[in-house]
Structures are given as structure tokens and as C-alpha cells.
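Protein chains: 8
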Amino acid sequence: MNSNEALKAVLSSIRDGNLDVEQAMEQLRDLPFQDLGHTKIDHHRALRNGFPEVIYGAGKSPEQIADIFKHMCGRSNVLATRVSKDAAEYILGRFPDVEYNPTANTLTCKSQEVKYGSGQVGIITAGTSDLSVAEEALVTCDMLGSRAAIISDIGVAGIHRLFHRIEEIRKFTVLIVVAGMEGALSSVIGGLVEQPIIAVPTSVGYGANFSGLSALLGMLTSCASGVTVVNIDNGFGAACAACKINRLLDKHSKNA
Amino acid sequence: MNSNEALKAVLSSIRDGNLDVEQAMEQLRDLPFQDLGHTKIDHHRALRNGFPEVIYGAGKSPEQIADIFKHMCGRSNVLATRVSKDAAEYILGRFPDVEYNPTANTLTCKSQEVKYGSGQVGIITAGTSDLSVAEEALVTCDMLGSRAAIISDIGVAGIHRLFHRIEEIRKFTVLIVVAGMEGALSSVIGGLVEQPIIAVPTSVGYGANFSGLSALLGMLTSCASGVTVVNIDNGFGAACAACKINRLLDKHSKNA
Amino acid sequence: MNSNEALKAVLSSIRDGNLDVEQAMEQLRDLPFQDLGHTKIDHHRALRNGFPEVIYGAGKSPEQIADIFKHMCGRSNVLATRVSKDAAEYILGRFPDVEYNPTANTLTCKSQEVKYGSGQVGIITAGTSDLSVAEEALVTCDMLGSRAAIISDIGVAGIHRLFHRIEEIRKFTVLIVVAGMEGALSSVIGGLVEQPIIAVPTSVGYGANFSGLSALLGMLTSCASGVTVVNIDNGFGAACAACKINRLLDKHSKNA
Amino acid sequence: MNSNEALKAVLSSIRDGNLDVEQAMEQLRDLPFQDLGHTKIDHHRALRNGFPEVIYGAGKSPEQIADIFKHMCGRSNVLATRVSKDAAEYILGRFPDVEYNPTANTLTCKSQEVKYGSGQVGIITAGTSDLSVAEEALVTCDMLGSRAAIISDIGVAGIHRLFHRIEEIRKFTVLIVVAGMEGALSSVIGGLVEQPIIAVPTSVGYGANFSGLSALLGMLTSCASGVTVVNIDNGFGAACAACKINRLLDKHSKNA
Amino acid sequence: MNSNEALKAVLSSIRDGNLDVEQAMEQLRDLPFQDLGHTKIDHHRALRNGFPEVIYGAGKSPEQIADIFKHMCGRSNVLATRVSKDAAEYILGRFPDVEYNPTANTLTCKSQEVKYGSGQVGIITAGTSDLSVAEEALVTCDMLGSRAAIISDIGVAGIHRLFHRIEEIRKFTVLIVVAGMEGALSSVIGGLVEQPIIAVPTSVGYGANFSGLSALLGMLTSCASGVTVVNIDNGFGAACAACKINRLLDKHSKNA
Amino acid sequence: MNSNEALKAVLSSIRDGNLDVEQAMEQLRDLPFQDLGHTKIDHHRALRNGFPEVIYGAGKSPEQIADIFKHMCGRSNVLATRVSKDAAEYILGRFPDVEYNPTANTLTCKSQEVKYGSGQVGIITAGTSDLSVAEEALVTCDMLGSRAAIISDIGVAGIHRLFHRIEEIRKFTVLIVVAGMEGALSSVIGGLVEQPIIAVPTSVGYGANFSGLSALLGMLTSCASGVTVVNIDNGFGAACAACKINRLLDKHSKNA
Amino acid sequence: MNSNEALKAVLSSIRDGNLDVEQAMEQLRDLPFQDLGHTKIDHHRALRNGFPEVIYGAGKSPEQIADIFKHMCGRSNVLATRVSKDAAEYILGRFPDVEYNPTANTLTCKSQEVKYGSGQVGIITAGTSDLSVAEEALVTCDMLGSRAAIISDIGVAGIHRLFHRIEEIRKFTVLIVVAGMEGALSSVIGGLVEQPIIAVPTSVGYGANFSGLSALLGMLTSCASGVTVVNIDNGFGAACAACKINRLLDKHSKNA
Amino acid sequence: MNSNEALKAVLSSIRDGNLDVEQAMEQLRDLPFQDLGHTKIDHHRALRNGFPEVIYGAGKSPEQIADIFKHMCGRSNVLATRVSKDAAEYILGRFPDVEYNPTANTLTCKSQEVKYGSGQVGIITAGTSDLSVAEEALVTCDMLGSRAAIISDIGVAGIHRLFHRIEEIRKFTVLIVVAGMEGALSSVIGGLVEQPIIAVPTSVGYGANFSGLSALLGMLTSCASGVTVVNIDNGFGAACAACKINRLLDKHSKNA
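First to last, the protein sequences are chains B, F, L, Z, D, A, R and E.
Numbering follows our numbering, with no gaps: position 202 of the first sequence is 202.
Numbering follows our numbering, with no gaps: position 140 of the second sequence is 1140.
Numbering follows our numbering, with no gaps: position 64 of the third sequence is 2064.
Numbering follows our numbering, with no gaps: position 53 of the fourth sequence is 3053.
Numbering follows our numbering, with no gaps: position 89 of the fifth sequence is 4089.
Numbering follows our numbering, with no gaps: position 99 of the sixth sequence is 5099.
Numbering follows our numbering, with no gaps: position 87 of the seventh sequence is 6087.
Numbering follows our numbering, with no gaps: position 180 of the eighth sequence is 7180.
Treat the hints as calculated values from the structure; they're not laboratory data.
Simulated crosslink set (EDC-like; lysine to aspartate or glutamate; CA at most 16 angstroms straight-line):
id, chain 1, residue 1, chain 2, residue 2
1, F, Lys1254, B, Asp250
2, A, Lys5254, E, Asp7250
3, R, Lys6254, D, Asp4250
4, A, Lys5251, E, Glu7194
5, D, Lys4254, R, Asp6250
6, D, Lys4070, D, Glu4099
7, B, Lys251, F, Glu1194
8, A, Lys5251, E, Asp7250
9, E, Lys7251, A, Glu5194
10, B, Lys254, F, Asp1250
11, E, Lys7254, A, Asp5250
12, L, Lys2251, Z, Asp3250
13, D, Lys4251, R, Asp6250
14, Z, Lys3254, L, Asp2250
On a predicted model such as this, the values are computed, not experimentally measured, just so you know.
So here's chain B without its partners, still in its complex pose:
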């Protein structure tokens, strides 16, 4: 039941005399999230925009993260990103079912089986140094129900490495292109394939890279039409966008 249907249901209940106005106001307060004091957990987000609550680990203490895991792990699958090594160890010591990916800096807890859709996400990196961001995207895709694979180290300075893999690349439904420095890889691939491409600039580089700015501006001004961009190093966001497209595919096929 999505939130619109929920609203309709409340309205109908009032009409039918099953709910008075005060109770209706109350029910609107009982919208599906839960208050931990420091954090509102949003159990029904899956219904509303298709994803489980995700924990952004960067600004949180190990204790805060543990607290969220405690309340969520039984109810749904959980993904925590940008978890420091210290926080990861703290959690792993308390939650035996949680898995840590040290390249992606993610914690995952799969209490329910993931149902995979039919689309597949290709995650392409320009260099070895972009792997951490690519892995974050990979883990996220998996948790959101899209099968995904990484094709790494095929940057444009050795473009034959790219052509070597181009047919393989064309088989994915959606592509995530992860590149630092000048971010040119998304332009080149954008000119060679038909799929939707989501570009992730990375902060790999130094000097005029200015913490990812060069790749960000490069991807935004790409001469290849139809490349879209997410925040610097945001493998998670790119995966969310890719999975939204994949979900749309299955929903659309079903309706067709």
C-alpha cells in the first residue's frame, strides 16, 4: 500500500464513521517511521520510493550505527555506506549476520532474500584507484536487487583496452562509469553505446583535480549527449539511479 492509497484509506475511514477527525490526525502521525531520538527510521521507505533505509555512516558514531542496526536488522535488509574500519569492527563484534566490504566501506545485513530484477548494471572504471567507489556501487546494486559487474582499468589513455571490452559492455541494461582525473571515459563510452549512462566523478588525482572538481566539470560538460552525473565519489547514488531504471524495466514489462 503506497502512501497515496494510505491517505485514501484514512479519508474513507472517516467517511465511514470508523475514524473520527482526531483519530485521523493521530493516524497521520503514525506514518510508518520510528523515532530513535537521534534518528527517524523509515521502515516504509521501500514502499514509497522503492529502497530500504540506508545508513550514511560518515557522520555517525559506532554506537549510533549499532543502534540503528539493532532496530532495523530484523525488519528489512540494511545497507550502511562510508563506514570507517573502526565502526565496522564495532558492529561486526555485535551483529554476527552483518557483512563488511573493506574496499567499498559498506556493512550489509540481509535478513530477507533479495529478489533480483531482470536488468543488469555494468560498472566501468577508468583506473585501479577508482575501485573503492565502484565497489560501493556494486554492493548497493546487489542490495537493491540489480545484478551488477565491474569492468575495471580501461581508461581512455589506452583506449584499445576499452574497445576490447565494448561488446561485453553493450550487454548491460544500464552503465555506471567511474572515473577521476579528467573523467573522459564517460564521454567516450557515451559515444559508443545506446544505454543510459550514469557518470561518477572520483576524487582520484591531485593538483588541478581539486578533489574531484576536474572530473565533475568534465562529466557535466561531456560532449556525449545523455550522460547524467552524480556527486563526486557517490557510487551509492549512481547505483540507486541505475536500479530505479532497472525496476522500471520490470514494472513496464509486466504492464506491457
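We have chain B; now place chains F, L, Z, D, A, R and E onto it with these hints.
Then chains F, L, Z, D, A, R and E, alone, in the frame of chain B:
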């Protein structure tokens, strides 16, 4: 026949003795584009990444644009963006079948019937001042075969205007959100719907807007997961990305 | 006695023969501050602009902070902000009456009872990670005589969490909105309430956040009219501004 | 009747059988704004956050502005800001009751008498060149029901000019400080008075001013606590914030 | 005779009694440039760093440019860059031997035959809009004695256009790569060829291009090793660098 | 009589019964400036910091500038900077004694003879295009009583031109170095002379010059110790600083 | 055999019946690089653009670097740049033939004798603090077959130190100029010599240096024509560019 | 004997037959600096621009700094700035006559008595946190022969503290104003005094301070004429500039 199949065909012809090596080298030179001196027209781009050649009008003289129209209009549909009023008048006086959209600053020439796919693009603007960018997206969607509609002036400062239209918004397959100033509209919509969202920051605003920088950074750092971003004022690019998703839908349904 | 009255008094004393010119020059030197060598303590600042001297702890050694506490604690209430854990421990070991808030990074010494005014400050945060800034605002409001409360984690990506609390939010006299990333929360709230809103951008985020720049620019270019902004992470400054408004309320009621 | 009461009323009507669910859905669509195609006019904004709809003239054609005036002038007072000389002449020729202020670049239409509150806004400028922004603030205050006055050209390089007027300045309830270049005026005044201060950086200056950036950063990092800042050249926004405070004063006095 | 030999000659003359100290001081004042009041013309620059005096037309009045042409045209070849249409017409009306290139915005006066070296410069552009910068490079190469040719419109979004020309490109001794937007062309070519590459970012683009910043940063952070970069739109400077390399070739061959 | 003596005098008058407190307050209001409504003219600034009131013409209408000239011309010498050609013509038509310098964009009115001090200012420019800024400095020096001269077009790319003039340069008491592009001239001269050097970055250049930013940063980070910097294109400010040093020389000699 | 000849060979084999299409597709996959999972090693890069594979150590773990050394050391010479002290120790403990340069932060493994060309690279630094970047360039030149030497600490603030060495500097074929702060050294040298100059801005400095931005902008806007620039601190890239020029010399001499 | 006289002497010696050309070339090589390999020590800099060689400690190892001290300490006074605590301890353990100032982060070695000039430098700070920069200026002034004193913590937010000291401030010959945040102090003082003012922006602050950018821009755009600026946190450079002015005073008095 896409470029990969073309390559295979050339290789096969050599094997079969229908082509010698020199001829093969020659054929690779005969790849499907045409040289106007100042511009290489790429008639087969539609095959390769799904779109007709598009003229970026901003840096070109009226004469150069006319030259390109002359060579392309018969062969395929043509879209020119960022065409100045002066250039538009010059073209319209020479090509009676070309249409000008003064809000979108586009010229279009439809020599062939557009085949529309099943997906639909919703283009949402925060304010009246964003309409020019939204119209560019609308015209582009139409030329690329996606039905589209604009829902305008529902920015977050009067958020009830957004809620008024939310069910309508949920019916599109893909959303383009066009907003200047702080670009918050994409975050709010991103939290309310399940579809893929492509955000277009606009240069509408002044002062700390810094020619669209505030909206650009705001959209890139959006707290709503899975929003992707294109360049400032790039209605065309957002439409390309949206139409790639829509094409994928139809291709996938057919295969399913 | 404010500084203008003090000036008048000095002038009158000269006229009355109670003070000669040299003495008057001397008295102007005896303006109400005290010199510690490294710092001028300004005991009368409360009279002049309504606040006690506040210690900005960031650039000071534990010894310097202790020195200021030693001279001020008896005479007035003291608030130190941005105090490192190390400095805090140093002070706490020497001044038993000083309290440390580790989330807000503040030290407080209440030697006199705080007189609370009638206004109330609502401090709203977009996410859990903004809590440190919100707590700094809370402690500051308390020291300046405004009752305040924090409503946390109601960012715009899950906007129903905001609507759930909107009536509660409307009951405060002044609002402080604390948000990182794109800072959209102040725009949305600004469109829903009538109160003065002071927005605090935070440096929470990464990449295109550029240490708070995205939230800062977003809040400055907010489409909601009448939102004012303070420096990035400046919970203290926002609280000062909010308390100035609350003091004005009580002063104005008394005069009315 | 504010929007919350409106919601309650709709709910009650359903309960009482005066409204069925479909009608309720309809009524929510009849929320108080009106669609001109290019612009949604929001007649009830006054109820919701205390201000009439304001037209931001910068991105609109004279015809669009005229269209909005046509639909709004009878129903409420109207304020258009950032209106070019050309657009102003176009409107003045069609609406005899509209007034144009060429310094402030505003158009105003007072179809209803403005009810002034008891608070007063002091608008202080550093130099003659800041007058346009100050006038925009003045006109806005007037339209929103706050009496206001400008004190101009008292920048910090000749600080005796400021001290000459300081007692006068202390009599306002709220201060708006308008300054370009280094924006130091708000810091100095912030240390001398007790009132709320809203600082407006202006783009007056050249070179390292970078279109107002120097004043903006200066005001944001002001050493005077409690100064809040609006966008560069945003006299309108500063006036909105000041008037929100003044309205709060009258509401609070009434309740006290 | 280069400047070092000149110095030696002066020293020798003193030693030989042919010059007294005062005269020597005088001769050092007679170093080979000529003072027009507003400009020092440097007739011997060719000797010192291998190039004729070049007029940077952007900051000069037509009269000033004409004045310089008057003093220089007889003595050496002259190149003026960034000459506005107005200034060009003024000069052309006065100096019949001067030639104007309206795409490159250059004026040239060849009073002496140019001696071409053996190296050749390939000037490659990503798009039609980069032609003005490429033409400036072409004219400059010609004046400095390097044969050069432009290969245009082979940007990376249609990378087969680049491969089509790659053998031709490999035949030049030095390459100048001119590209706007993300500037990716220099990275791709840098990975495919062995020659020195000088990259020229152009201000072609909009939005996140920020007047050439995206291409500049992209080229500076290029993943292809050994690409060097000149200022945005600086076709002239790139040509100077390329010609220095070509001159070195001939000098080195002669010595070998 | 400087402001401190004035204060003492007021205090003494009260003591002596020649002034009552109210009158004293009044006298402090009669501080030496005059109110034109839009501008406070400050006739006694000469006393306070040694300079006449200067009109910054950039943000003012011809009428406003004329108004100021009308009130000031009789009483003191007047200097207006950054006066547009249009404004200059308007003023020249009304004030026959005013002189216009079209390179410096200044208007000057010398109603009193300028008394020149003993120091001399050398104004050195890197290129012809920097002359406008240098002339503004020259005119300002003259009005402030320092003899000055311009040595132009001796930028570092032809460093022998600089050495040619170095002895001449060493004869000035203070140097102003005006340079655009990379601003290297101030570093080189700073290593060769002993005098105080004031560097003026100019906006001459393009691309990575970013409106003078490259020269500004270059001069601020100069490897030559003791070079100080003023705002981009601020010939006026540099002259003020230079003249302050020259005045100090004469004052110090007199006292010695 | 370069990649073009390889392509021709494959095509010929098909024609001759020695290879069927599937095999040809396979051979194209056997292009000369090797997959380590995390990194594609490109053994034939030397053929294609003249350099061995270089390891960019900054983003890689000691284990990853060791893995690459293990696969490459026998086959070709290896250069690793930006290797941390920790990583260096890890490698040195495992590969006795590897050498570490702690100033340059490089690891080198020379399994084959380097063949030096005839050109020579002069590496000039402005200050002692630029030595690390200069050493990186030196080591790189050596590995790429160019003899090179460093001339250090001859910045423009003591320009006689530069003139002292100018004849020596003029003897190199190519110059690399390494400078931080304002980066003026490349402009001055650019005006004194005829050779190609590659400028390397360094991040040496503080404040307005903004991590090398001042030197970068200064070098890009250099008034000396024909200076090219690489990324901040990129001694490696400058050496690559210099060696490309030197290789061209030898190739050209051979052909001449 | 300055460098010009030295040149003349060499020329004369050749004329007189006391020196042949080769010897003259040699002597020019014997210019007064000494080569340590990593650093050229410049013993005669005092003659040339009035200062001893100063060691910029930031980029140097303790061993390198010690090496320089070893070669210089006997010959002249030495000042090392930006010396880390570790480096300081290393030096102090080896050179008993060296003094360390931990606030200023300076090492000094006075082997010769400093001769103080007649001018005096007032160093004024806005806040306690600016003391480190002020102390660097103080130590530098002392080493360069100018008596100096610090007046601290008189920022503009409590402007009476400034007025309390204004007469004292007016007694210095030159002022250095050190301020972070918005840097307003230099504008206010600039309007109150006649002396030359050198402003030093500091990186004290956070958020929109952007590491000193707000103070830097504020000081550069100061509305007070004649304020000059040095690099962020550059107390050393400000002191050099101030001392150059003071030296000029004594030289000028002597000549007068």
C-alpha cells in the same frame, strides 16, 4: 546495422575474398559520416547511439547552420538547439519546412515521421523563469520519440502546489526536474516518487546563485538518493538521458 | 547604564567641575573591559549588546581558556564554544562548576541564574549528522535566556516526517533550521510557516558539498522569502540572532 | 483560515457526510492558487506565510508580468521587483494605478490599504552606490506593513559619520545593513546595538569584490555575533525577514 | 648575434680601448628595442628567443596598433592577434600589404619571405566551434615558419571520426589539440600517438564549463602522460610552443 | 586641528562653562561633513587621514557626480575616478575648471594649489594594456601632492628592457608596479631594489587570468619579501598608499 | 610492431584464410595487455606511445604495487611514482633490484639497460622546496632515456642567481621549470632562451597560493610566449613531455 | 657596494687592463652567493634589497635548516620562519645561540648587534587567535631593525576597545593590522589614522572564511583608501614592507 555488425561484415567480406586488405582499409574510411569542411555530419549516429545528429547552434554562424540543414534535412530529422533569434530568421527564410520555437530556442525539421515509444517524460519546473530550459527538453523529447509534458511553477516554497500534482507526476515513466536558485525541487520530488529523476540546474537567480552554481551543487548533493544531474541549463541533455531510458523500456519489453 | 549614558555622565561631571579634562580622558580609558595581556575581557558587553562575553575556543590553548574562565566565572555566566576534548578536560579539572557538552563542544559556567524570556526557539535538523551544530545552538540559547528544543532528522527526502511535526514547529517564536548537503530544508519550511527563520548550513556531506558551500549557496538563494543565513556550522551565531529577536519581543511587550 | 484549519475543515466535512471522498480529493485540488499556464498565482499566500504573492521580474517578459498584474491587482496588493525600465513602461501604460520606483526597480499596486504594524525598520547603507538595494528593501517593507527609513552613506572608513547617527539607529526595532566592498559595516553596527541585524551584501565594487563575494563572505564571517545574512543585492529578502520579526512583535504583544 | 655574444663584444671593446665605460653603459642602453612611448618595440626578439614581435591586439586602440605596424612593417614580419573587426578595418585601410583573417582575428604583414622548417604541425579540433582558436594557431605557425594543417570536428563523442584520421595525424611532428567542453580529446589522442602534444582548452560550452575551466582542468589532469597545456583559447601560445620544437629539430639535425 | 584635538576642545569648553552638555552633544553632531541626501560629503577628511574626499564614479549617475562637484569644488580639490565617458561629458559641460583624463577615466578640479612633498613615485607597467591603471595612479599621486612618473612596457618576458631602466627606477622613493597576466614584474623588481613596492594586479589578460585573479594571487604569493598588494585595477588605492609613505617622509624629516 | 601494423596483420591473415572471423575477434582480444584483476598491465605501451607502463602509487596499497612489480619487473623497466615511505619499504623488502629515491618518492626497477638519446633536459627550480618535484622529473627522464640535470634555487627574487647560470641553461635541448608561489620563473626564462619550456607549478607556499593555484594560473597566463604547463606538482608529466621532444629529435635526425 | 657599482667596477677593470674578458665573465660568476647544493645562500642580499637571507622553514627538513644555519650564523644575523616544533628542537640542540619563539614559530640567531632605525611599527590584532601571525611580524621587525609593539584583541565588534587605544596607535610610524574573519579592522583603522597601513588577513575562522579568503577579499576591497595587503598569515612579509618604509625614513632624513 550497428557499427559492430559493420565491422563483422567487413571482416567476413575479406575472408570470403570479396574484399582485399586495401579495400577493407578503404571501407573503414567510408564510415558513415560526411565532411562539410567545417563540420563532419554523422548520418549513422542514429544507429550507433540512437539519436539523429543534433546541431549545437551556440558557436556557429547562420551560414554554417544553414549549410548543415541543407545536407541533412532530406536524410533525417534535424534538431538545432541554442539558436539565436537572428540565426533562426536566416534559416526560416531558406527552409520552409523548418520550425522555430522561440522559448526553447530550437529549430526542428521533421522530414520523417517520428515513431513514439511507450514511455512518457514529465518535465517539472520550479518557476516560470525555468520555462526556456523546460521547453528545450520538451522539443528534444518529441524529436527523439518520447511523449512529454511540462508541469510548471511548483517550486518548494509553496509545496502544496507540488502535492496538488503529485499523482499526475507519478504517472510518467521518467521525470526531468528543472530548477534554479537552490535546486531543492529535485530533492523533494526524489523523496516522493519511484521513477528515475534527471535534475537540470538552471542559471535563474542572481548573487550567490553564481550562474547556476548554487542549483548545480544543491542537486549534486541532494539528500534524495538516485537523482542524477546534467549541466546547467542543459534541457537537451536531460531529454536525451530520459529518452534513452524510454527506448530501453520498449527494447526490453520486446525481448521479454 | 549603557555606553551612551556613560558618555553623558562623563560630560556632566566635567561641566559640574567634578572631573577635569585629564581625568575625563582617563575615565574614557576605564571603559568596562579588563586586559589579560592576550585577551581583553569585556565585562559590560551584556549591557551594550545584550550578551555575556563568549569564548571562541578554536584558536586558544587550554591555558588561555582557563585564564579567561578564572577572571570571568565569578562575575558573569560564561560560554565557551568549539572547545576540543583536550581543552575541556583541562578546564573541567580546574573549575568544578563548569559543564561540558561533548556533542556541542561547549563549556558553560552558570554563576548566576539565567532569566528566561517568553519566546521559544525551535531548532530543526535535516539529519542526524547535523546534531552537533544544533546542540551548539541549543546550549547558546539556554545561556542567552531563550528556551529552546531540537526537532531532528526531518530532511526533505522524507518530507512526511516534516509534515508530521509541522504544527509543533509552528508553535515556536523563532526557528533555526540546520541542514547540510543541499540545504533544502529551510526553503521548504520557509514556505510553510510565518516565523522568522535563521538557516545554518552545515559542512555535512562530501564531494560537491565542498565543506558546506552547497548548503550555504542553497540557503542564500532560497526561493522562500525572508530566510536569513549564518556562517557554515555556526550554531552559536544562529542562536544569538534568534535570542535577539526573543529579547525584542519581551522589550516590546513591556513597552506596549 | 490557514492551511491547517482548511485541512481540518475538509476532514470534518467528510465525517459529517457533507463531502464524499472524491469531492475531498477534488477540494484538495482547489487549494487557493490559480493557474495562468506560465505561472501559478497564489492568492492565499498571505494567509499561509504572511505575504502577498510577489513577482520576481528578472526572468519574465513584459507581457508575462502584465498578465500577472491583470489577475492579481483587484484581489490583493502586488509588488514586482527587478523590473527593467522597458518592462516598467509597458506595465505603466496599461495599469494606471501601478507605481514605478526607478531606483528600487519595483512596481507596486496598492488596491487595499496597507495596515502598518508597530515595529520600524532602519535601513543603513555604507555608500551612495548601495542605494538601489536599500530602496528595494524600503518599498518591500512598506508593502508588507512595516514603516521603514533609510540612513545612507555612513560606511566604516569615516566612522564618525556612523557615531553621529547611532542613537537614531538604536530606535528602530530591526536593522537592515546594506554594504558592498568588504561589508564591514554590519560587524561594526553589530557590536554597537542590541537589535536583530540583517546584512545585505551588495555587488558594488570591482576586482577582488568578485560580484559581491567579498561582502558576502565578510558578513558571513562577521566577528559580531548574531548578524544574519541574505543573498547578494537581495534587499527584498532582507525586508521580508525584517517584517516577519515586526509581525511577530505585534502578534506577541496581543497574546501577552 | 645573440645577446650573450653582444655582451661579450661590448666587454671586448672596452678591453681593446675602443669603448670607454660611459660608452659601454650607453651601448647597453642601445639594446635592440625602440620606444614608441606607449610600447617598446623589440626588433631583435627574433634573435633572442626566435620569434618576431607579436602585437596582442586585445587591449590596444586601432591607433596604437597602427602605430606599431608603421614602425615594424618594413623591418620584419608582423603578427597581430585578437584584433577586433573595427581595428582590422582601420589597419587594412592604411596598410595595403596587411592581411586579415576574420576567423583567427589576426592581422599579418609579411615583408620578408618566411623560411619554413622541416617539421609540421597538426592542429586537431574537437568541434566546429573551436575553429577560431585553431585558425589563430594556424596563422601563427605559418608566420613562425612551421607548415601546419587543421583536422577539425573529430571529438570523442564520435570516436570513429578520430580513428578514421589517426594515420594522417601520426604523420605530423607536433600536435596541437584544441577542445572545449570536457577537453577529453587530448587524453584520447595522447594515448594513441608518440608525438609531443600541446593541448588548448577553449571556452566553448556553457554552464559548468565556466568559461573554459572544465576543459582546462580536464587537460591538466589528463590520464595521458606528457600532454602539456596552454591558457584557455590560446591558439597563439600553442603554436609558439609547437614551432619552438620544430626549430629545435632543424637545429639539432644540422648539428648531428 | 585633528579630531582628537577637536574632542579635547569640546571637553575643555564644557569644563570652562562655555558649552553645556546638550550643546556638546550638538557639536559632536556638527562634525565636519555635509549631507546631500544621497551622499555625505566629508570636508575635513583631509585633516583626519590626509586626503580630500574622492568620488568613486562607478556607481553614480552623472547628475549625482555633478551635485557633489557643485558642493565641493569651491572648498577643496576634487578627484573623481572611474568616470564613464558619458558622465565626464556631462560634468565638463557644467564645470569649466574640471579636467578629464580619458586614459585614467578621472575628473579633477584643482581650486587650490597642490603642495608637492619631496618624495617621488615611480609607476612601472608590464605592458601597454596596463596604462589605464597606471594613469589613474599618476593622476591620483598628483592630486595628493606626490610627483610621479610612468615607466611603461618593461614586462619580464623581455627582461633586458627592465634592466635598461633599473637605475632610473632606483631613484624614486616609492614604486607602484602595475601588471596583469601572471604579475611577475613585482617579484623581479622586488628582488632588485630597496624601496617600498606596492603591486597593482590588472585584469589585462584572458582565460586563466580570470579577470585579474592570476595576477592578484601571483603578487600576493610573490617570492620577493615586502611587496604589498592592492585590489585588481586599483591604481587609485596604490597611489594613496604611496603618498601616505611620502607624507610620512616629510613629516619625519621635519620632526628629525 | 605497432598497433596499426598489428591490425593490418590480422586483416591479412583473414584474407589469406589463416584466420577465421571468430579467431580474428579472439586475436583482437589478445591485444598486448595482461589482466591482474585490479589492474590491466600494458606490456606493449612502449610500442604504442613510447613509454613503459608507469605505476601511479598514490591510490594503491603496498600489496597492489608489489603485485604489479612482480608481473612487470622481468619484462620491462618499471617506474612507480608517488610511493609512500611505507609502501616503498614493503616493496624494497621483496624486490632486491628495486631502487627507492626518497626525495622523488619513486621506485625504479631497471631490468634492461636504458638507451639514452642525444637530447638533454635541464630541470630548473625556483627554490629548495621545489626539489621533490624536480627529482621526480629527473628520475623519470632517466627511465625514459633522456639525460637530465637539476639547477636549483634560482628564483626570480634574486635574479642574478639566474643570470649566473643562463649560459649553462641554454645548453639543454629542453627545459623543465619548476616553481611554486607566483611561478614567475618560467616567464623570465621564457624571455631569455629559445628552447621548448615545460612549466611545473608546485604547491609550495601557503595562503593565497591555494595549493598551487597561484603558480598554475601564473604559468598559464605567462607573458612569455610558448611556455606550456602541466598539472601542479607533476614532475613526471613534465619529464614525459620533455622526453617525447627528445625522442622526436633522434627520430628526425635519423630520417633527415 | 651595491650590484650596480660592482658591475661598473668590473667594466672599469677591463678597461684598465686589470681584467681580461674571460676573467670578467668569471667575476660575474663570483657574485656574492654561496652554493650548498640544495640552497644558494645569498650573503649580499643585505646590500641589494636591505635584508639578510631569511629561511622559509615550511618546506625544509631539520637537517637542511641546520645546514643553512651552520653556513650563515657566523656571517650575519639569521631569521627562520615557519619552523615546526620538531625542527626547532633539532636546531636548538645544535646551535646554542639560536633562540626559538614558539608563538611566532621563528628561530633567530643574532651574531651581530641589530641597529634600530627611528621608525616604529604598531602591530594591531583583531583577536587573540591572530597572535601567532602578529608575533611573526614582531620578531621580523626586530631582526630587520625596527622597534615594534603589539596591541591585541581590539576587533571591530567591540569598537570602544579600539578607540581606547587610538592615540597610542597614532604614534607609530607604520601600522600592521592583523585580522581574520571579515578583516574589517583595517578598514576602520584606515579611516582613523594617517599612517601607512599594511593589512595581514589571517586564516582564523571557519566555514565561509575558506582558510582566510574572506579576510583577504575584505582587506583588498576595503573602503578605506591606501590600505595595502600581503598574503594570508604572512606576518613576515608585512614586517618586511613596514621596515622598508622605516629605512626609507632614516635614509631620507639623512639626505634632507
